[in-house]
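Turn these sequences into a full structure, and let the hints guide you.
Residue numbers (the working numbering), protein chains in the order written: chain V, 1472 to 1651; chain F, 39 to 251.
Don't read these hints as lab results, they were simulated from the structure.
A few chain F residues that face chain V, going by a derived Cβ cut-off under 8 Å, partial list only: (1) 41; (2) 43; (3) 44; (4) 48; (5) 190; (6) 193.
Backbone N, C-alpha and C define an ideal beta-carbon position, used for all residues, glycine too.
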Amino acid sequence: MTTYNNSNKWDEWLRAALVGDENAYRLLLTDLRPWLMAYFMKRVHKNTVEDLVQDTLMSLHSKRQTYNPDYPFGPWISAVARHRWIDHMRKNLKYIEMELDPEFPSQEYERDEYAKHDIKTLLELIPSIQAKIIRMVKLQEMSINEVSKKTGYSPSNVKIMVHRGMKNMITSRLKEVHYD
Amino acid sequence: MIDPFIEKLVGDLKPKKPLANRMLWMHCTGCLVMIAALILGLIGLRGDYINAMQTGAMFWKPSIFFFIWFGSILMITDLSRPGSSIKKQHIIPVLLGFLILLWQITSQISEYSFQAMIQSLNAKSAITCILIIFVGGAMVMSMTWKFWLSKTASDRPMLLGFLAGLSSSTLVATAYALNCDKDSVLYIFVYYIFSILTLSLVGSILGKKFLRW
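Written out as structure tokens, the structure reads:
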């Protein structure tokens, strides 16, 4: 599979495609497909990966004139893929359901005050609404439905916010460790 | 293995010229020259142009809009491609335009009474000013839309639409300022800025709807 860092031939193929070289264009699209599959696999549910790959290839096709031949193709196609991904997220956010992480410490150490203290510290790193919901679900041990009734968010949204909040906590903590 | 989807795209391949910023500059400069020639040819320079040259109004008034126009074109070229953002230095011309306006506000406040400024709003030319900037700007915007904006792929279509409205209306305002003899900053604020912001707002609404990709 071609990697992003080894995309010199992509530059050449798209430059050739811009003047109408069908073979170069075919090579480019065929070579890009697995890269895009890997890109979206990391970001969305596997059922929607193929749709997003096709959307991105369509965008490449219709907006290829916005590629500046003086610059590398890699950042340009990543920006197109990212745009398609964000657009997809914006359209489908309310339908996404995610499972809670079963490895979350509260299940294992739910009565451990130290763990709760650590979680409280971590909760300060994320947006207040996500922290509030995680606090209710993980520290006060309320069910998803109870939290949903109390906050007015749908159960799916509650699950999403818990999942995102936890992800944010990890990212923020990693950043802190990195900067330390 | 043949992928039918890829084959379909390959079958639809036609040569395309990459977007080149110089083409937008040529288009916009051409529009500015054309609009200036139209305005000067049809309604001429302001009657008091010798006096306006001596007081500087002949220069500072078009300069306000010229700098904003110049900056907005730079920002359009920044935003036209995926993953791109506005370069900080490209905001400088727009700020320069506003600085000239600010300089005029401070100098006119000490020079003229508020009453005199209010009176300047009663000028009959106000409607002409609004119409020329708005209608002329809309015509320029539609040409720029067809020539450039419809081919772009911006991550911020609404802002791009706003800038399209801003650049088109300031382009016409630059040319019209050569004819208009109302130099009060209140007049400029109420009639010029109103028309410019209205067209920019229209541009941002159109951008949100039609520049998404």
